[in-house]
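Peer 1: Below are the chains, spelled out letter by letter.
There are 2 protein chains.
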Amino acid sequence: MINEKMYELGTKKSTIRTIFEFGRKRAAEVGEENIFDFSLGNPNVQTPKFIKDAIIEILENPNTSEIHGYTVAPGNPKVREILAKSINERFNTKFSGKNLFITSGAAAAITISFKALSEPNDEFITFAPYFPEYKCFVESVGAKLIVVPAQVEDFQINFDEFIKRINSHTKAIIINSPNNPSGAVYSEDTIKKLAEILNKKSKEFSKPIFLISDEPYREIAYDIEVPYVTNYYNNSIVCYSYSKSFSLPGERIGYIVVPDEIADFGKIYGSIAGAARVLTHVNAPSLWQLVIAKCAGMPSDISIYRKNAEILYNGLIDAGFTCNKPQGAFYLFPKCLENDDYAFCERAKKYDLLLVPGNDFGCPGYFRAAYCIKTETIERSLPLFKKLAEEYKNN
Amino acid sequence: MINEKMYELGTKKSTIRTIFEFGRKRAAEVGEENIFDFSLGNPNVQTPKFIKDAIIEILENPNTSEIHGYTVAPGNPKVREILAKSINERFNTKFSGKNLFITSGAAAAITISFKALSEPNDEFITFAPYFPEYKCFVESVGAKLIVVPAQVEDFQINFDEFIKRINSHTKAIIINSPNNPSGAVYSEDTIKKLAEILNKKSKEFSKPIFLISDEPYREIAYDIEVPYVTNYYNNSIVCYSYSKSFSLPGERIGYIVVPDEIADFGKIYGSIAGAARVLTHVNAPSLWQLVIAKCAGMPSDISIYRKNAEILYNGLIDAGFTCNKPQGAFYLFPKCLENDDYAFCERAKKYDLLLVPGNDFGCPGYFRAAYCIKTETIERSLPLFKKLAEEYKNN
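Heads up: the protein sequence lines correspond to chains A and B, in order. If you use my numbering, the first sequence corresponds to residues 1 to 395, in order. If you use my numbering, the second sequence corresponds to residues 1 to 395, in order.
Take the hints with a grain of salt, since some may be wrong.
Copies of one chain are not kept apart here, so a pair can be met inside one copy or by any two copies together.
[Unchecked claim] Only pairs whose alpha carbons sit at most 25 Å apart, straight line, appear in this in silico SDA-like list of lysine to any residue:
#: 1; residue 1: 49; residue 2: 151
#: 2; residue 1: 144; residue 2: 86
#: 3; residue 1: 5; residue 2: 135
#: 4; residue 1: 267; residue 2: 324
#: 5; residue 1: 325; residue 2: 204
#: 6; residue 1: 294; residue 2: 63
Simulated from the structure, these hints should not be mistaken for laboratory data.
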């Protein structure tokens, strides 16, 4: 009677959701202040005031169809020009408006890109740990997601394992840096080596292998540069969102960048338009297009995330955890104190510490702690992490 | 290298688009005021002031995450309750928030519904004249669109032709009333007869046949009631958009209504959630959810459309055209003055009258004139329609 696959996708609860709901239940029992919920990657920094100011200024235009009317599918041409200019100024690129396609957030941007590119039997490769929705999105366009095991020492790329998995079916590589859930930023060396391999393999298989860079956390990086991939590899597609940088996750606004240098720009940009059409992303919300143009290049306030990262990282190290230093995004990804990450996260629940097992991100034995929460909550959680660690020591 | 189907969908220009672009070119040559562009169904009524007021009021909330944060996928629960209540008050229904799923406009609403329901070999039936994107959307979910020829006398449903096309593969019927392009509103008798047939056929094939009602023009109806389909048929799904009623086409905000009485509510609502997820409609823009809640039940200003409909209809009748009286939406769908609607629209172009051939809507021999344009432009176009008609008389 209905599409069973859709039913499954619409009703099966993710681990993160289950943990979050457990937290809500516990909060009702023992009080909000006694729950230490590190489960959700929801920005807790307030939306900057310049967003509100921009909206109010835009609304002063008496011609409402210029605010709320349809835009062409790739987005308001003037907005695209402004965004391109802003990207160029910050990342030393040479885009114009025609290189941009404005989307309803990054989820739409990456899925539109997948759909635009995917042909039967295509494979998309990503690197653990990875954002679990990739699997759903890649499979929804009829392709297969191939996962390269994590390089847990530094959460850069395990190139030996990567090379084994590239073949003639490989359509594209998906990267996410700063990374959810590892908090790592791919170094320039990593990107250079990745580009080198992709160039070699594209030649070997006589077809371009694309690099899709999913960058919702680009601005949340601590004293470390996030290389702009189009400067290193021609067949790159960049997917961006304002969800995190401007704390606008509910508004669904972002964009796709397709560089001129990509293999057959016209074909790819045209296919992106077709994919947006069938996924019924008619145009990105028109008011929000104007807002991001007005706020192009404005700074993201990452001071709270930076402070939280430091406090949680130091606290965990102090308690005896092994963890890479936070480089970006708002996640830490420490090693569990036992091999079974599900068992570990269950044990942490006894202290009302809500953590997500690494297996959900293709990286068992680790856990994700999202620190986009109140600093004070993090501070009060540290003694509990300590107790948890001591429990393991005494076993 | 890319998905050729997406490329085709993204780059092939629609007839409407081609006509519109011709108009822009001509306007540059002979002046905007000498072009009579009836091609686009773009609301020309200003967005009501209460929308602006609502936005400004919402922005006063200092907790920005309540404005711009993620909502659950079906939409803010409070907003859904308010919308359900407003629907109940106006249409004598009994919905609660759980019956609603807020979407990014009607295109998303109908495609999510198609995807939620469609299984292999499914057929979706619609009635000519019909909105051409239905074909693209139905095919994109792997199903087939079956078109019932128009009943040109009144643009109600040709039931004899309809019955011939229902079979065991029929998953759902798509209706659009007030109709684009005919401007007709399906009468209560039409809806009752449709429900009767669907009940009978559902029994015959031992499976529910769904009725998907695409209603972006619900509020634009002239002194005629638009029956609310869930009051007549249990297996109904209503798809709504604020694009036309509040002149917000670029903002992409609307909803799906799934009544309790539908065959297996839980399965269908769950599948809708799954379909929204894979089409990457993460949630409808959160600020816009709050705006429509604040403006629920506010009136649409249809006075301009009503006036335009009257002037254009009377003018065309006076010039000798055959046309049904406008009942709703903002389109007239008169008979062409020759059998070939493409040839007719080409001839109209000589007078800079830009009309869309009916064949594009599955109804050859007719043309669509969108009257959501300046009243003064319509008035000045009437002598040209007269000249065009005289040209045919003299031939």
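Peer 1: Confirm or reject each hint.
Peer 2: Evaluation of the provided hints:
1. 49 with 151: neither (40 Å within a copy, 56 Å between copies)
2. 144 with 86: This pair counts as neither: shortest intra-copy Cα distance 35 Å, inter-copy 44 Å.
3. 5 with 135: both (14 Å within a copy, 22 Å between copies)
4. 267 with 324: Neither: 41 Å inside a chain and 44 Å across chains, both beyond 25 Å.
5. 325 with 204: Neither. Shortest intra-copy (37 Å) and inter-copy (66 Å) distances fail the 25 Å Cα cut-off.
6. 294 with 63: Cα proximity of residue 294 and residue 63: in one copy and across copies (18 Å, 22 Å).
When held up to the earlier numbered hints, the structure conflicts with 1, 2, 4 and 5 and fits the remainder.
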